[in-house]
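Enquirer: Full structure from sequences and hints, please.
Protein chains: 8
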Amino acid sequence: MSSDVTFDFPRAQRLGFSEAVLAAGKSTAQLCTILELAAGRGISLLLTRLADDALAALPAQYRAQIDYDTLSRTAVFGDLATPASEMRVALVTAGTSDLAVAREASRTLRFHGQASLEIADVGVAGLWRLMARVEELRSYPVVIVVAGMDAALPSVVGGLVPGLIVAVPTSTGYGVAAGGTTALHAALASCAPGIAVVNIDNGYGAACVALRALNAMG
Amino acid sequence: MSSDVTFDFPRAQRLGFSEAVLAAGKSTAQLCTILELAAGRGISLLLTRLADDALAALPAQYRAQIDYDTLSRTAVFGDLATPASEMRVALVTAGTSDLAVAREASRTLRFHGQASLEIADVGVAGLWRLMARVEELRSYPVVIVVAGMDAALPSVVGGLVPGLIVAVPTSTGYGVAAGGTTALHAALASCAPGIAVVNIDNGYGAACVALRALNAMG
Amino acid sequence: MSSDVTFDFPRAQRLGFSEAVLAAGKSTAQLCTILELAAGRGISLLLTRLADDALAALPAQYRAQIDYDTLSRTAVFGDLATPASEMRVALVTAGTSDLAVAREASRTLRFHGQASLEIADVGVAGLWRLMARVEELRSYPVVIVVAGMDAALPSVVGGLVPGLIVAVPTSTGYGVAAGGTTALHAALASCAPGIAVVNIDNGYGAACVALRALNAMG
Amino acid sequence: MSSDVTFDFPRAQRLGFSEAVLAAGKSTAQLCTILELAAGRGISLLLTRLADDALAALPAQYRAQIDYDTLSRTAVFGDLATPASEMRVALVTAGTSDLAVAREASRTLRFHGQASLEIADVGVAGLWRLMARVEELRSYPVVIVVAGMDAALPSVVGGLVPGLIVAVPTSTGYGVAAGGTTALHAALASCAPGIAVVNIDNGYGAACVALRALNAMG
Amino acid sequence: MSSDVTFDFPRAQRLGFSEAVLAAGKSTAQLCTILELAAGRGISLLLTRLADDALAALPAQYRAQIDYDTLSRTAVFGDLATPASEMRVALVTAGTSDLAVAREASRTLRFHGQASLEIADVGVAGLWRLMARVEELRSYPVVIVVAGMDAALPSVVGGLVPGLIVAVPTSTGYGVAAGGTTALHAALASCAPGIAVVNIDNGYGAACVALRALNAMG
Amino acid sequence: MSSDVTFDFPRAQRLGFSEAVLAAGKSTAQLCTILELAAGRGISLLLTRLADDALAALPAQYRAQIDYDTLSRTAVFGDLATPASEMRVALVTAGTSDLAVAREASRTLRFHGQASLEIADVGVAGLWRLMARVEELRSYPVVIVVAGMDAALPSVVGGLVPGLIVAVPTSTGYGVAAGGTTALHAALASCAPGIAVVNIDNGYGAACVALRALNAMG
Amino acid sequence: MSSDVTFDFPRAQRLGFSEAVLAAGKSTAQLCTILELAAGRGISLLLTRLADDALAALPAQYRAQIDYDTLSRTAVFGDLATPASEMRVALVTAGTSDLAVAREASRTLRFHGQASLEIADVGVAGLWRLMARVEELRSYPVVIVVAGMDAALPSVVGGLVPGLIVAVPTSTGYGVAAGGTTALHAALASCAPGIAVVNIDNGYGAACVALRALNAMG
Amino acid sequence: MSSDVTFDFPRAQRLGFSEAVLAAGKSTAQLCTILELAAGRGISLLLTRLADDALAALPAQYRAQIDYDTLSRTAVFGDLATPASEMRVALVTAGTSDLAVAREASRTLRFHGQASLEIADVGVAGLWRLMARVEELRSYPVVIVVAGMDAALPSVVGGLVPGLIVAVPTSTGYGVAAGGTTALHAALASCAPGIAVVNIDNGYGAACVALRALNAMG
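Respectively, the protein sequence lines represent chains A, B, C, D, E, F, G and H. Numbering-wise, my numbering puts 79 at position 79 of the first sequence, and it's gapless, one number per residue. Numbering-wise, my numbering puts 38 at position 38 of the second sequence, and it's gapless, one number per residue. Numbering-wise, my numbering puts 157 at position 157 of the third sequence, and it's gapless, one number per residue. Numbering-wise, my numbering puts 217 at position 217 of the fourth sequence, and it's gapless, one number per residue. Numbering-wise, my numbering puts 67 at position 67 of the fifth sequence, and it's gapless, one number per residue. Numbering-wise, my numbering puts 70 at position 70 of the sixth sequence, and it's gapless, one number per residue. Numbering-wise, my numbering puts 122 at position 122 of the seventh sequence, and it's gapless, one number per residue. Numbering-wise, my numbering puts 11 at position 11 of the eighth sequence, and it's gapless, one number per residue.
Errors might be hidden in some of the hints.
[To be verified] Looking from chain A toward chain C, a few residues come up when the C-beta cut is under 8 Å (computed):
no., residue
1, PHE9
2, THR96
3, SER97
4, LEU99
5, LEU117
6, ALA120
7, ASP121
8, GLY126
9, SER139
10, VAL176
In case anyone wonders, no lab produced these hints; they're calculated from the structure. Computed from a predicted structure; not experimentally measured. The beta-carbon is built from N, C-alpha and C at its ideal position, and this holds for glycine as well.
Expert: Given below as structure tokens:
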């Protein structure tokens with residue numbers, strides 16, 4: 001089975017952050033192979049989209065070394081580094097339903113030593129909720145905005161906040177929301193300039209964009 | 001040629017506003033037939049999407065009775081009624097490029113005796129432009145919001161203003177803006193509740209929604 | 001958990017109708033937080049898309065204060081105001097399968113004090129069913145038309161009835177009906193003028209359009 | 001050049017109607033090859049989508065044998081058979097802009113010896129126009145309905161008229177009309193049973209459906 | 001509950017075939033209302049898309065009067081008329097997986113007194129299978145062709161057989177087959193002339209097209 | 001039941017490889033009919049997309065003659081020919097999740113006597129994994145590349161390797177990956193010349209392309 | 001300007017065929033840079049999608065060394081190698097309009113020393129045209145099938161001919177033909193096994209697939 | 001006319017870069033209004049998508065103050081600041097046709113005082129071209145990757161280079177390239193982690209993402 005996996009361990013050196021394991025679509029045996037390889041090298045791993053039952057199917061000795069978060073379905077295998085003292089990323093969500101995606105981002109950041117601030121449920125239909133936090137947001141070098149449906153939030157934040165804006169469209173909504181497609185297109189066609197966009201529900205990817213920027217900032 | 005046309009003259013009595021002539025796709029001969037029918041009955045007509053050269057191709061005696069607006073490509077044939085003294089519809093556009101569509105709406109309203117207020121170029125990327133006008137907008141029973149690209153404006157207006165909101169997505173933009181499709185979907189999936197949406201670039205239709213509402217209000 | 005939720009309580013004052021809770025996608029804990037906040041303020045709440053099992057998972061003391069409708073999956077938490085004496089909204093459905101969406105609209109209207117008339121199963125394939133009710137419909141200031149598949153009904157009603165027409169496309173149908181997309185597009189491209197359209201299956205949104213119009217009418 | 005063309009002359013015997021020449025996309029030389037082959041066999045040909053300038057580019061001796069219709073861009077090369085005395089096909093259009101497509105159908109029918117009745121501009125937004133002709137339509141074995149935008153007309157006709165209904169969606173309209181896609185989908189998802197549908201703007205194809213049915217009827 | 005249903009009983013007189021009950025999306029109570037209405041009038045009913053468990057949920061006295069076919073999920077409630085002695089419709093399927101849709105068509109035809117011939121699994125990848133039956137097919141006035149994936153079969157049959165061809169695209173296939181969309185588009189864009197197309201998986205609709213044609217033939 | 005099936009046994013003679021049984025969508029009875037026909041002729045059969053429970057539902061005497069592979073859901077019924085001594089096809093996958101599709105291809109090749117090499121998990125995000133194998137790949141006449149998401153792998157391999165490249169896009173991924181559509185489009189729009197593409201997840205089809213090429217090579 | 005271009009001259013050694021110049025989208029200056037580079041190395045170049053006016057804009061000394069084909073818009077700059085004596089590729093087109101794409105393929109093959117056979121206008125609507133050539137086609141190791149609209153031809157050829165089949169969907173057709181999308185999808189979802197597909201109108205790519213296969217055959 | 005424009009002059013203070021003028025879709029009069037406003041304030045302006053003839057239509061006194069670049073259709077009105085001494089952004093393009101979009105980005109950066117490096121025509125079909133520059137690219141904090149068609153380049157660069165990667169999909173290509181949609185989707189679904197994506201052909205937006213990041217870096 002081991003030949004099914006060619007893990008990219010050198011990525012951490014090459015890019016500054018390590019390969020995460022996208023658990024969805026992998027068998028228990030394949031996950032065990034990867035965990036065993038990581039344990040053998042004494043390194044920690046981040047697993048994303050690990051369903052509850054996929055976690056439960058892992059051997060107990062592996063589960064014992066895993067810190068699991070139900071909302072975001074992320075798991076950290078092994079030790080966590082101490083986070084940086086400065087909080088340099090803010091996460092903003094339009095609605096309660098977007099929290100799971102935001103949490104995947106904050107867990108990914110935390111795995112790589114970055115703490116972050118979550119500001120939840122400040123969609124533009126009640127604009128006062130966002131306006132109350134704008135000054136605070138303006139002090140962050142990176143702001144990740146998580147929104148589904150019409151994704152008007154990245155445009156409004158992008159017009160008010162000078163930092164790097166990463167929009168994560170989510171699959172929240174129904175009908176023409178179309179599994180996040182409308183949110184994606186709205187973020188890409190934003191009237192606010194310089195919005196960086198990642199795939200639908202890709203909290204992990206947004207965190208990686210932030211990590212690249214933070215690393216480049218030194 | 002006259003049998004090509006079965007004009008719905010009773011519509012004005014039935015619905016409270018008359019059939020407009022969608023000039024695009026009609027030949028000069030067909031347009032003349034309609035104008036002749038209207039002249040014979042002594043009634044005025046609104047023509048939409050009448051291109052410059054289609055106007056020029058009409059006989060001089062008809063052109064003499066036409067008031068034409070280049071930006072919106074609308075024409076009024078015949079006399080105009082005196083407008084109502086009260087202004088009950090506000091038109092808001094996100095960008096300068098959306099003005100042509102807004103003008104089609106205001107011309108349609110004016111044809112049916114309704115004056116309206118245009119507030120242009122107040123897209124959310126510079127939110128202060130809209131905020132300066134919000135209190136004024138809150139006093140209008142009907143607000144038509146015209147926006148392309150990500151169409152975040154209807155959501156923000158819809159969260160701040162209590163009147164009937166009619167969103168007109170426009171084909172402004174490129175790439176994923178997709179000829180207005182993203183703006184349309186964003187308006188339909190708006191996080192602000194109760195946004196009424198019409199077809200892309202359909203300023204005429206938005207005005208008709210307003211007319212139905214104003215007529216029902218008495 | 002409370003920080004996950006930033007409820008827009010001022011919306012009722014701002015827009016004239018209150019924020020509803022879209023229950024789909026929210027956890028039991030999040031729903032409880034919201035209900036507790038509302039109970040503390042002594043206000044009533046409307047919940048939409050609340051599945052049977054999500055209702056069953058709520059604590060008994062909350063369930064006791066809830067009036068639940070299975071067909072539309074709507075719940076009213078707390079007291080209901082006395083409805084207005086005058087019935088100003090008519091709801092028309094094309095088929096029996098569209099009733100759930102229409103009921104979401106009528107429940108939303110009722111929550112905000114508006115009674116409404118339901119006329120069911122009058123699709124245009126048997127046109128006599130609609131023609132028998134046209135005169136009655138012409139007396140309503142607002143008519144909500146709920147239809148899936150080809151959504152020919154809004155066009156026919158829109159050509160016959162002068163009031164504000166709000167079309168709700170539904171996901172009824174299969175194949176090219178495409179989850180309501182064809183009904184949505186047909187309503188937006190209607191040959192009848194001035195049809196206001198909302199998202200697929202969005203009975204709640206149609207009711208909000210009606211509430212905006214009724215409020216503006218005074 | 002002649003090897004570019006393998007004309008299906010046996011089709012008339014095999015199917016009861018002959019191959020038409022889709023002129024769009026063919027060079028003048030290729031068209032000449034086909035006309036020469038037909039002239040050599042002494043048979044007549046129908047050409048569809050023959051643009052004005054493509055006609056003008058043909059040699060004079062061929063043009064002299066061609067009966068051309070500008071509206072439908074169809075040409076008949078050679079002699080026409082005497083039409084059947086009985087008129088068995090009715091053509092109904094929703095708007096004036098749909099006439100070109102309907103004319104392609106009637107010209108195709110006429111080429112194969114079938115006369116037909118055109119009823120124009122009876123879209124459902126002014127339902128009285130159609131209702132005035134329903135009894136007449138009920139006597140036709142085949143009714144071709146030509147409509148763009150929302151294509152509500154085939155559904156209404158299909159619910160009232162017992163004959164074979166062939167819907168031809170047209171590219172009339174803008175925005176979500178999407179070049180005829182919405183009309184096509186609406187016709188296919190019609191709430192009226194047994195609507196036969198052909199490609200967008202395919203008047204020729206609708207006529208061929210009618211010819212197959214008429215031939216089968218004997 | 002009875003007001004949820006406005007059954008179109010006059011349809012049989014108006015169109016020559018009766019309204020079928022699309023069982024999918026209807027509750028047991030709604031189905032019972034309809035069956036009761038039919039029983040009271042002493043007429044038979046066809047139900048389509050009636051799932052096994054929806055059948056099982058009906059009261060025993062109704063189930064006793066139902067003839068159910070599992071493959072096509074169709075049910076006949078009440079008596080069946082004696083079929084016509086002449087078989088005038090042939091049904092051709094490309095693959096075994098298309099049989100369920102073909103059976104819905106043949107059951108619909110049989111309900112209205114028309115017998116039909118089924119020729120299964122003759123897709124063009126093994127062309128000899130179809131060629132062996134072509135002469136037989138050429139004698140039928142109506143041929144219904146049921147095919148998914150690339151739907152090449154309607155084009156090949158349409159080029160060989162003179163009768164009315166009704167193509168039913170099916171949702172057979174995966175990937176770009178896209179739930180029948182490719183089959184639908186291929187049938188509509190067929191290089192063979194005069195193919196009449198209905199919605200994806202709509203065996204019932206194809207049968208209705210055939211019934212309209214057969215009725216018109218007298 | 002046997003008339004439901006018209007198996008294309010002559011295909012092996014005609015094309016050089018036999019018809020496989022696409023088990024998905026076929027009933028147990030239909031599968032038994034086919035197995036019985038094959039057993040009667042003494043030939044082996046390949047079954048694809050045979051789910052675990054569909055296998056379990058087969059009679060024991062058939063199961064005893066079946067070699068089943070869980071990952072690819074393929075089954076071989078009957079004897080296998082000895083494979084060719086020379087390995088002429090290489091299979092390359094971008095990720096672990098693409099292995100099931102690659103295995104369907106290798107099992108199909110093996111059924112027809114062709115051995116193949118699998119190189120797994122060498123996606124371009126860690127380019128060193130592929131570069132380590134390029135020289136080896138350059139010696140194969142046929143290389144099948146299996147990749148989902150952005151499907152950059154076929155382009156990179158196609159620029160480095162001279163053999164026939166067959167790209168199989170897979171449904172791996174989420175959001176804009178869209179069930180394999182993006183991978184499919186990227187493979188078709190590849191900047192590397194001469195990439196042959198098959199349907200999403202169609203490992204069987206890719207193997208057939210390879211078999212056609214190998215047969216032609218002699 | 002020269003730094004705009006990094007021509008892949010080593011491709012011929014690496015892949016067995018050289019980089020072609022996609023002229024569309026390149027300026028005259030950029031084309032001249034490339035031609036100059038090639039002239040300097042004494043090698044020949046193939047240019048595709050070179051419009052008439054782009055050719056005319058080139059300096060006379062370059063035009064003098066170019067062999068241009070109007071139908072396919074391909075140009076050969078420099079000398080042509082003597083073609084192989086054996087003809088190993090057959091090109092089949094469904095209609096006359098597909099010839100331009102087929103010619104791009106045959107010109108590409110010829111540039112690389114491969115002669116090919118063109119069989120034009122044998123679409124399945126007149127199946128006899130193809131059947132007359134099937135035995136001949138069965139002797140070719142590679143058959144390129146060029147078809148638009150419903151693209152039924154690759155499926156029929158693929159079921160009859162054992163060689164490597166490369167389908168090139170074309171943008172021929174209108175309405176649902178959708179610029180070649182339906183032809184593309186039909187080829188990918190073909191019921192005939194092992195059809196290799198390239199991008200719409202990509203005759204060049206199909207030839208490259210053939211070249212890869214022929215090179216691998218030795 | 002001035003009321004058509006509400007220019008967002010405070011943006012430079014708010015976001016750190018000024019509003020650009022999207023010239024496409026604006027009339028000469030509107031452009032003059034904006035230039036006049038800017039001249040009055042003594043500030044410079046960047047205009048994007050300014051067509052040659054739109055430039056020519058401007059009054060001579062304005063043209064005299066404009067630095068225009070034909071390839072990217074960008075114009076700088078007024079003085080340019082001295083660029084930063086350190087070059088912190090690299091621009092990489094897949095093909096020559098992508099240069100116009102890259103140039104829009106580099107001109108936007110230069111307008112805001114940032115110099116940048118252009119590396120052109122290094123698409124992955126000839127991987128050696130990119131590999132020769134990788135070490136150089138690894139030293140840049142921001143790398144903008146411009147690619148059309150399959151957009152494999154951002155994935156390969158993203159796997160090799162640690163800086164912030166901004167992918168700009170372009171409309172280069174035909175058929176399934178679909179005006180840049182495939183490139184966009186491929187970039188969003190990239191197997192390389194942390195790719196930031198902007199709208200199709202949006203070089204301006206990519207530069208703004210870079211500016212936000214550079215500003216945050218200090």
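Enquirer: Evaluate each hint against the coordinates.
Expert: Here is how each hint holds up against the structure:
1. Interface hint status for PHE9(A): violated, as the beta-carbon distance to the closest one in chain C is roughly 37 Å, over 8 Å.
2. Checking THR96(A) against chain C: minimum C-beta separation of about 5 Å stays under 8 Å; hint holds.
3. Annotation: SER97(A) was flagged as interfacial toward chain C, and the flag holds, the nearest CB pair being 4 Å apart, inside 8 Å.
4. Interface hint status for LEU99(A): upheld, as the beta-carbon distance to the closest one in chain C is roughly 6 Å, under 8 Å.
5. At its closest, the beta carbon of LEU117(A) sits 11 Å from a beta carbon of chain C; the interface hint therefore is violated under the 8 Å criterion.
6. Interface hint at ALA120(A): satisfied, since its Cβ lies 5 Å from the closest Cβ of chain C, which is below the 8 Å cut-off.
7. Hint status for ASP121(A): holds, given a least beta-carbon distance of 4 Å to chain C, under 8 Å.
8. Checking GLY126(A) against chain C: minimum C-beta separation of about 3 Å stays under 8 Å; hint holds.
9. This hint is violated: SER139(A) has a C-beta 20 Å from the nearest C-beta of chain C, more than the 8 Å allowed.
10. Annotation: interface hint on VAL176(A) holds; nearest CB of chain C at approximately 6 Å, less than 8 Å.
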